[in-house]
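For chain A, the structure is supplied; the task is to place chain B on it using the hints.
Taken in sequence, the protein lines are chains A and B. When the letters of the first sequence are read in order and numbered with numbering that gives the first Met the number 0, they come out as residues 0 to 323. When the letters of the second sequence are read in order and numbered with numbering that gives the first Met the number 0, they come out as residues 0 to 323.
Since the hints were made in silico from the structure, they are not lab data. Since this is a predicted model, take the numbers as computed values, not measurements. A hint or two may mislead.
Same chains, same names: a pair is fine if it fits in one copy or spans any two.
[Claimed, not checked] Calculated cross-link-like contacts (lysine-lysine; reagent style DSBU-like; alpha-carbon spacing at most 30 Å):
1) 282 to 41
2) 178 to 290
3) 290 to 41
4) 234 to 211
5) 57 to 290
6) 318 to 282
7) 242 to 318
8) 211 to 57
9) 282 to 268
10) 57 to 41
11) 234 to 300
12) 242 to 178
13) 290 to 211
14) 242 to 57
15) 300 to 41
16) 242 to 41
17) 268 to 234
Residues per chain are reported as follows:
Protein chains: 2
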Amino acid sequence: MIMEDFVIGIDLGGTNFRLAVVNPQGIIADRMHCPVESGRGKEVILEDLISSIQTLVKSQIPNQGHLLAAGLGVPGLIRSEEGIVTESPNLQGWINFDIRTPTEAALGVPLAIENDANCFAIGEFWRGAAQDANHACALTLGTGVGGGIILNGQIWRGTDGMAGEVGHMVIETDGLPCKCGSRGCLEQYASATAIRQFAVEALMSNGETLLKRWQDNLEELTAEDVFEAAREGDKVAQDLFRKMGYFLGIGLTNLVNLLNVEMIVLGGKVSSAWEFFIPETEKTVRERAFKVPAQRVQIVKSILGDNGGITGAAYLALKRARSI
Amino acid sequence: MIMEDFVIGIDLGGTNFRLAVVNPQGIIADRMHCPVESGRGKEVILEDLISSIQTLVKSQIPNQGHLLAAGLGVPGLIRSEEGIVTESPNLQGWINFDIRTPTEAALGVPLAIENDANCFAIGEFWRGAAQDANHACALTLGTGVGGGIILNGQIWRGTDGMAGEVGHMVIETDGLPCKCGSRGCLEQYASATAIRQFAVEALMSNGETLLKRWQDNLEELTAEDVFEAAREGDKVAQDLFRKMGYFLGIGLTNLVNLLNVEMIVLGGKVSSAWEFFIPETEKTVRERAFKVPAQRVQIVKSILGDNGGITGAAYLALKRARSI
Numbered sequence: 000m001i002m003e004d005f006v007i008g009i010d011l012g013g014t015n016f017r018l019a020v021v022n023p024q025g026i027i028a029d030r031m032h033c034p035v036e037s038g039r040g041k042e043v044i045l046e047d048l049i050s051s052i053q054t055l056v057k058s059q060i061p062n063q064g065h066l067l068a069a070g071l072g073v074p075g076l077i078r079s080e081e082g083i084v085t086e087s088p089n090l091q092g093w094i095n096f097d098i099r100t101p102t103e104a105a106l107g108v109p110l111a112i113e114n115d116a117n118c119f120a121i122g123e124f125w126r127g128a129a130q131d132a133n134h135a136c137a138l139t140l141g142t143g144v145g146g147g148i149i150l151n152g153q154i155w156r157g158t159d160g161m162a163g164e165v166g167h168m169v170i171e172t173d174g175l176p177c178k179c180g181s182r183g184c185l186e187q188y189a190s191a192t193a194i195r196q197f198a199v200e201a202l203m204s205n206g207e208t209l210l211k212r213w214q215d216n217l218e219e220l221t222a223e224d225v226f227e228a229a230r231e232g233d234k235v236a237q238d239l240f241r242k243m244g245y246f247l248g249i250g251l252t253n254l255v256n257l258l259n260v261e262m263i264v265l266g267g268k269v270s271s272a273w274e275f276f277i278p279e280t281e282k283t284v285r286e287r288a289f290k291v292p293a294q295r296v297q298i299v300k301s302i303l304g305d306n307g308g309i310t311g312a313a314y315l316a317l318k319r320a321r322s323i
Numbered sequence: 000m001i002m003e004d005f006v007i008g009i010d011l012g013g014t015n016f017r018l019a020v021v022n023p024q025g026i027i028a029d030r031m032h033c034p035v036e037s038g039r040g041k042e043v044i045l046e047d048l049i050s051s052i053q054t055l056v057k058s059q060i061p062n063q064g065h066l067l068a069a070g071l072g073v074p075g076l077i078r079s080e081e082g083i084v085t086e087s088p089n090l091q092g093w094i095n096f097d098i099r100t101p102t103e104a105a106l107g108v109p110l111a112i113e114n115d116a117n118c119f120a121i122g123e124f125w126r127g128a129a130q131d132a133n134h135a136c137a138l139t140l141g142t143g144v145g146g147g148i149i150l151n152g153q154i155w156r157g158t159d160g161m162a163g164e165v166g167h168m169v170i171e172t173d174g175l176p177c178k179c180g181s182r183g184c185l186e187q188y189a190s191a192t193a194i195r196q197f198a199v200e201a202l203m204s205n206g207e208t209l210l211k212r213w214q215d216n217l218e219e220l221t222a223e224d225v226f227e228a229a230r231e232g233d234k235v236a237q238d239l240f241r242k243m244g245y246f247l248g249i250g251l252t253n254l255v256n257l258l259n260v261e262m263i264v265l266g267g268k269v270s271s272a273w274e275f276f277i278p279e280t281e282k283t284v285r286e287r288a289f290k291v292p293a294q295r296v297q298i299v300k301s302i303l304g305d306n307g308g309i310t311g312a313a314y315l316a317l318k319r320a321r322s323i
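So here's chain A without its partners, still in its complex pose (with noise of 0.2 Å):
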């Protein structure tokens, strides 16, 4: 493949990075993707950031490729302007953390810099599900739920970049506690953490399910495994999806009633489950919310799945190579 100008797009997360070659026109070329150790501190982290750059970049010369800028994805609380990662919860340390200067420096282009899920829904808009819509959200179900809003086709960021934490809406006012302080949080309800959760609470239940697999040893269940009873025909499993699915739907219909988006693009790794818990999620959203924009909003899959982040962080780099 004979590239020219590229971009390197990456998504950083809590136990890995992956990175990519990126083409101006968001087709991804060659991807890489390292161990992220958070114990070992920001320092480290950065260093292996910057080398696996260096040799993406240096992939590309039989290519004759010339890297344009770089687009970095991070789980937090960033201020994109400026080039800081504020705060990250999974990442230990980093705080205020400026990982534009050194990473430019060392690169010698532009780093853009976002938070994840904002890269994500980005990345939907860009070269995804939702490329024909002005106003959409995506959130995405992992461990936990994050999200971002596009308006106008432009990233909703907020008076301090921090706006979008879908994850963080109170679906449930004295709810499951959250690791982010507060309580009924819809992460405690429509992420794996939360299927995993339900699972744990069906066992203590007498039903028949091939759950009971894990009966005892429940620290090793996981939502994959929830999901593999479920594709196996297993009606405990098939409920909790539904019932995650009622509360997503509950998330959603707040977004929906709120802001009116064409479109809700779902990804994450949950999102794989998608027959068990769309059902309900759609139902949820007809039921609560209002109808003419109930009617109106498309929920839909990822198209660019694990890449989605890797795109949007790409789009990001791009955007700031033009601007500078």
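Here is chain B on its own, set in the frame of chain A:
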């Protein structure tokens, strides 16, 4: 007072409409109000509305006033571009009602129409508490809870002009039934209706309270009576406002986490009881929302009060006069 150009701003409610002469700087001159008998059909209300406007216009003849346009805030779902009321819960038979065509024909000037809570938000943004904010939410705490969202100085209407339904954000997934057909809507916990309902429940228990006056006459008990008791130092009544303030704080937490606005303006009748509910609301937002956006947001009382809707409607009238 010598006026030249002016507009008429109108706030149409389920029980009365209020209208005023407003100058291009947003200053209200003459005002009047009329009862609405929603059972008498929309044609009768429209006639009353038009003749009231004409009365006010005539009153400006001695001032050599010149009517530019009229603006109308209507409770319900509005297609403002088309000048059509899609549906109004408080106005019987107002379904897909083109109010613009007959009104413009009768008055000979343009008519702007908008949802009443959006008018309130625009009014507070133009001439009230949110003048210095770029991004703000405004809530009317009355019989129900209305809402308007201002982003980048513009009302956020959404795809179908139906965004901003803050009162119908679910904060208790399986909570109290709401007249919108959903359950657990903020409106059921942070309105005059909610205060009344909390009081009725409180009377079931045996505490000492001034509210006991209504024990055999529960139908007559109003939120206003509860406010009166709170002002007389009644602890039970004061607790009810704290409870309402707590739920309101949950609703505002969601707005803060989703939109990261600079300001939230609270108006409507219930906001008179400010000192009894706002400490709990503020505390809840600080505890439950993310730190940075929670510190950012200012929660303030409406400056325009009852005139907020009229002022916003007048703003839209001016805008429409200038765009035609």
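Hint by hint, here is what the structure shows:
{"no.": "1", "hint": "282 to 41", "result": "neither (44 Å within a copy, 34 Å between copies)"}
{"no.": "2", "hint": "178 to 290", "result": "between (34 Å within a copy, 13 Å between copies)"}
{"no.": "3", "hint": "290 to 41", "result": "between (48 Å within a copy, 23 Å between copies)"}
{"no.": "4", "hint": "234 to 211", "result": "within (13 Å within a copy, 52 Å between copies)"}
{"no.": "5", "hint": "57 to 290", "result": "neither (54 Å within a copy, 42 Å between copies)"}
{"no.": "6", "hint": "318 to 282", "result": "neither (39 Å within a copy, 40 Å between copies)"}
{"no.": "7", "hint": "242 to 318", "result": "neither (41 Å within a copy, 47 Å between copies)"}
{"no.": "8", "hint": "211 to 57", "result": "neither (51 Å within a copy, 80 Å between copies)"}
{"no.": "9", "hint": "282 to 268", "result": "within (22 Å within a copy, 35 Å between copies)"}
{"no.": "10", "hint": "57 to 41", "result": "within (24 Å within a copy, 72 Å between copies)"}
{"no.": "11", "hint": "234 to 300", "result": "within (24 Å within a copy, 51 Å between copies)"}
{"no.": "12", "hint": "242 to 178", "result": "both (21 Å within a copy, 25 Å between copies)"}
{"no.": "13", "hint": "290 to 211", "result": "neither (41 Å within a copy, 41 Å between copies)"}
{"no.": "14", "hint": "242 to 57", "result": "neither (48 Å within a copy, 62 Å between copies)"}
{"no.": "15", "hint": "300 to 41", "result": "neither (34 Å within a copy, 44 Å between copies)"}
{"no.": "16", "hint": "242 to 41", "result": "neither (39 Å within a copy, 44 Å between copies)"}
{"no.": "17", "hint": "268 to 234", "result": "within (21 Å within a copy, 50 Å between copies)"}
The structure does not agree with the numbered hints 1, 5, 6, 7, 8, 13, 14, 15, 16 stated previously, though it agrees with the rest.
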